[in-house]
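> Make the complex out of the two chains shown on their own, each in a separate frame, by following the hints.
Protein chains in written order, with numbering that gives the first Met the number 0: chain A, 0 to 232; chain B, 0 to 342.
Bear in mind the hints are in silico, worked out from the structure with no lab data behind them.
Glycine included, every Cβ here is placed at the ideal spot set by N, Cα and C.
Among the hints, erroneous ones may be present.
To be verified - Below 20 Å or equal to it, Euclidean Cα-Cα: the simulated EDC-like pairs (lysine to aspartate or glutamate) are: (1) A:K226 <-> B:E48; (2) A:K122 <-> B:D51; (3) B:K120 <-> A:E175; (4) A:K224 <-> B:D47.
Said to hold, decoys possible - Not close to chain A: a few residues of chain B, all C-beta gaps over 12 Å, as computed: (5) T1; (6) T30; (7) E33; (8) L35; (9) T36; (10) K82; (11) T85; (12) E98; (13) E108; (14) I110; (15) S155; (16) S205; (17) K238; (18) N249; (19) K288.
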Amino acid sequence: MNLVTVSGPPSSGKTSVILKTIDSLKKRGLKVAVAKFDCLYTDDDVLYEKAGIPVKKGLSGALCPDHYFVSNVEEITNWALKNQFDILISESAGLCNRCSPYIKGIKAVCVIDNLSGINTPKKIGPMLKTADIVVITKGDIVSQAEREVFASRVNTVNPSAMIMHINGLTGQGSFELSTLLYSEENHIDSLKGMELRFPMPAALCSYCLGETRIGESYQMGNVRKMKVDDDND
Amino acid sequence: MTDINTTTISSLVAEYPFLTSFFKDNGLDVTGSENLTLVQYFAAFDSDEMEDRALDADNMIVQTEEFIRQMNAFLGKEDDVVKTVTILPGMDKSGNAEEFQELVIEQGEIISIVGPTGSGKSRLLGDIEWVAQNDTPTGRSILINGDVPDRKWRFSSADKLVAQLSQNMNFVMDLSVYEFVELHAESRMVENREEVIHRIIEQANSLAGETFSPETPITSLSGGQSRALMIADTAILSKSPIILIDEIENAGIDRKKALKLLLTQDKIVLMATHDPVLALMGDKRIVIKNGGIHKVIETTDEERTILSTLEEMDRTLLAYRTKLRQGEIITKIQTDWKEKSHA
Numbered sequence: 000m001n002l003v004t005v006s007g008p009p010s011s012g013k014t015s016v017i018l019k020t021i022d023s024l025k026k027r028g029l030k031v032a033v034a035k036f037d038c039l040y041t042d043d044d045v046l047y048e049k050a051g052i053p054v055k056k057g058l059s060g061a062l063c064p065d066h067y068f069v070s071n072v073e074e075i076t077n078w079a080l081k082n083q084f085d086i087l088i089s090e091s092a093g094l095c096n097r098c099s100p101y102i103k104g105i106k107a108v109c110v111i112d113n114l115s116g117i118n119t120p121k122k123i124g125p126m127l128k129t130a131d132i133v134v135i136t137k138g139d140i141v142s143q144a145e146r147e148v149f150a151s152r153v154n155t156v157n158p159s160a161m162i163m164h165i166n167g168l169t170g171q172g173s174f175e176l177s178t179l180l181y182s183e184e185n186h187i188d189s190l191k192g193m194e195l196r197f198p199m200p201a202a203l204c205s206y207c208l209g210e211t212r213i214g215e216s217y218q219m220g221n222v223r224k225m226k227v228d229d230d231n232d
Numbered sequence: 000m001t002d003i004n005t006t007t008i009s010s011l012v013a014e015y016p017f018l019t020s021f022f023k024d025n026g027l028d029v030t031g032s033e034n035l036t037l038v039q040y041f042a043a044f045d046s047d048e049m050e051d052r053a054l055d056a057d058n059m060i061v062q063t064e065e066f067i068r069q070m071n072a073f074l075g076k077e078d079d080v081v082k083t084v085t086i087l088p089g090m091d092k093s094g095n096a097e098e099f100q101e102l103v104i105e106q107g108e109i110i111s112i113v114g115p116t117g118s119g120k121s122r123l124l125g126d127i128e129w130v131a132q133n134d135t136p137t138g139r140s141i142l143i144n145g146d147v148p149d150r151k152w153r154f155s156s157a158d159k160l161v162a163q164l165s166q167n168m169n170f171v172m173d174l175s176v177y178e179f180v181e182l183h184a185e186s187r188m189v190e191n192r193e194e195v196i197h198r199i200i201e202q203a204n205s206l207a208g209e210t211f212s213p214e215t216p217i218t219s220l221s222g223g224q225s226r227a228l229m230i231a232d233t234a235i236l237s238k239s240p241i242i243l244i245d246e247i248e249n250a251g252i253d254r255k256k257a258l259k260l261l262l263t264q265d266k267i268v269l270m271a272t273h274d275p276v277l278a279l280m281g282d283k284r285i286v287i288k289n290g291g292i293h294k295v296i297e298t299t300d301e302e303r304t305i306l307s308t309l310e311e312m313d314r315t316l317l318a319y320r321t322k323l324r325q326g327e328i329i330t331k332i333q334t335d336w337k338e339k340s341h342a
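If we strip away everything but chain B, and leave its shape as in the complex, we get (with noise of 0.2 Å):
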């Protein structure tokens, strides 16, 4: 790496054009002083305008070489490829010994959880995100591609194992949906961006049931809306091999279809949810109680059966909806579900 004590700020930038918004970001102007180091940068304010603007140039400099650091690291490696996570077992919370071997979870599987509020669904959750290695209460470990995982899925804030869409998809932000994503890109240093953009647009529309355009404000995108964003934005812009759902609501969003967006980008899917439709969607199902791992589940031929049932069940309920909502007297809706079931 460039000694950064002896190189001109022109020629760091030159080098590493990702300073010149580190630069701006930490409010330092160094239009002007492009041949100085950033040594000399520093020297050049007094002690009051230093103190004044809060600056501490040994800090800052030490700050811009973690930076640089970072940066490298992140835009030169390859993305990590998780193809399997293991959950060895530890104890619930009378401290019985789980019940399994080990649990391995493979690269394009949807792993329901199910269990009672409070069962420890978001402890499982919180060792799989803190790579547990028998140091959190429940003494499970979590090995990544069966072996010891690197540190830095815990240290590295650029490097997370989980992204975790919360049943809340509330926006704060004032912007509009391609202002929002492209902030969401820049922070994750996209390339292609406008194009980007445009698919992750494209694909949640596709999954709500109601279009926006890339003008509309966030803040008033429907519930379904702003799910069907979110998790196209989780699958294509976020670098996090796992994604955690906390159950997705039925309402104005195509599941099925948001799941397979998920899988296609090579994700784990983690998914607590109690309802029958989603769970059932999963490959196996983790059981918890009492904050252990109780069972996991392979879903059976005839649940398969069942939750094809269960989706014409829920299309009939949602075409009701929608004639409810155009204004239209409820009349019966053609369905065959029930044939099926008798058959």
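Chain A with its partners taken away, still in its complex shape (with noise of 0.2 Å):
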């Protein structure tokens, strides 16, 4: 079986890229999955299974979703080996702009919008950065010059990564995303032993514990203070 990690801000139209995606992997008669993690609410589950797609959902609720994800992707992985799907699609968005849910060795998609602002691609850390494929979505609302610039910001931030565009909507560019997710030298049999591509940022303060005050005197653990003195004004 194959993974492949998609992840990207919000609305950048990840399920749209997916859905029409599995279109064309179907038509070569491959099992696709999906797992959908998200943080309070999707209801993306019913999009998937509309469409005959078996999926799992997973909300993280109060935990951080990028731990919750690695937390749970092993399990996933199982899930989808034991039903011997071909490929498994795992769909996370990218919340804080610090995490990345993507595995060394294993295929990772970054979905970011024309319409997010030329200089997003500066803000977003490692799910921009270390992603081996990047799909630039909405470019059929923006110009050309727009799209030329976006594309050429990505690049800067990733060299390395394969830039896409694709239209959700209409699913161009799917068909060509779709032959650059399946390959036999891609088979895993477990996530054993695998290791994230970046660490993700730590936390543990008082306030991940539940804590609601606000005070110096409540905040325990990681806690750090922005320098807010007259000389930097």
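Right under this line is the structure:
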């Protein structure tokens, strides 16, 4: 089985891109399943089910979504292996711009949209910088020049990635993406011993543990203060 | 290539000046560290700081190397000349073979694409953009200059075979026309930037019905002005040898001039349209039906004669529009197209 991790900011078009891409994969006779990770709410699982795609949904709730992803990716992979799928696509939203769910040796796709602003590529951390494929969506609503500028900004922060333009509504470009997602060589039997491409940010302060009160005396653990003095003004 | 592991940052930047902005865009402040190598530079961070700033030294060095390689390839090369694009037949949605031998499109040609919505125009454009090699749903193959093309057309972000001018010309950036074109010129690594920017704005103004200044915010351009700016920008700045146009609305822009501008820049123009004035401006038109190329029609002499009548009608309509806009009472505009069509 092949595992593919897809990640990207909320509403960038991940689900649309995945759905259209799976259409093309299915035509090649491949059995595809999806694991959808989100934070508080998603009904994307219904969209997948409607399309006849086996799907598992995980909501991280009060936990950090990406930490939740890593804690569950092995189980979800085993589920897909047991069901003898050819490809498992994991979908997760990069919520804090610092995390990335990518695993060394596992194909990583980042979905980002043209409307997010030309400085966005600089702001997104490892999720964009360590992806193998960067899919840029919503190109139909901006000008050719903006598409070119945006793509070149993405290329500056991740020169080794392959950059693709996909229209999530019409599916233009999704066939092309589908040709890059499955190969015999990327076959895995388990995730045992594998590693994340990038460490997730440290947490564990009193607020992680449920503290709600504001004020220095309630802050414990991994706490850092901004420099707020007049010299900085 | 210089060994990136043993060269100091100052020598790297001296040899590859584009690294200054690359470091900046990646959030690396190298001031004061110019005498270090990149390895030493990263070694100076403690691991907390690296993690804090989401830096990965090994990855960053690999990416820097890749960026230098790409930029060298980009700066050092001659522009790719695409003289011809050849489409070899595949099949339609029902699996019937397309009924043409091969379709050769030459530099400087305009090809119209006609057919009902959903007939497969996008897939044809997609096949060209992806330089299909009998590996897309249609089974078509695309040749460049008569040969199986270089794979870079598929995989490089700097060398795109096709630039696409969509009907929607929205701008989401909050910039003036000058700043906007400048940004695009920067990303294309253009040298004589200022001159190029002015040329683009000048050309755009000659296409647009109403002129605009370099200081005009792009978000306040009219539909016609936006289209004019994008066409001038694509003609002059875009390196892609093929331009794909999805309809040009007939408002506030001289369409004939716009197509001419694209052709003087040695582009191949493919245009999906249902407007007879545009469609007949093409040298040939591709008729798409049920996902396949159904026919390729060369524009006939009679069609060309009719085109000039249509253009005249077009101008009449525009003249009435102008009168209306200026608050005038509509009176008969003297035209000769009726007489011509009777002649």
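> Hint by hint, say whether it matches the structure.
For each hint, the structure was consulted:
1. A:K226 <-> B:E48: At roughly 16 Å apart (the allowed maximum being 20 Å), E48 of chain B and K226 of chain A satisfy the hint.
2. A:K122 <-> B:D51: Holds - the C-alpha atoms of D51 of chain B and K122 of chain A are around 14 Å apart, at most 20 Å.
3. B:K120 <-> A:E175: It holds: about 16 Å lies between the C-alpha atoms, which stays within 20 Å.
4. A:K224 <-> B:D47: holds (15 Å)
5. T1: Check passes; 17 Å lies beyond 12 Å.
6. T30: holds (18 Å)
7. E33: For E33 of chain B, whose nearest Cβ neighbour in chain A is about 21 Å away, the distance exceeds 12 Å, so it holds.
8. L35: holds (22 Å)
9. T36: About 19 Å separates T36 of chain B from the closest Cβ of chain A, which puts it past 12 Å; holds.
10. K82: It holds; K82 of chain B is separated from chain A by about 23 Å at its closest Cβ, greater than 12 Å.
11. T85: holds (20 Å)
12. E98: Correct as stated: the minimum Cβ-Cβ distance to chain A is 24 Å, above 12 Å.
13. E108: holds (20 Å)
14. I110: holds (19 Å)
15. S155: The assertion about S155 of chain B is violated, with a minimum of 9 Å to chain A.
16. S205: holds (18 Å)
17. K238: Its Cβ does come within 12 Å of chain A, the nearest being 9 Å, so this is violated.
18. N249: The claim holds: N249 of chain B sits with its nearest Cβ about 19 Å from chain A, beyond 12 Å.
19. K288: holds (19 Å)
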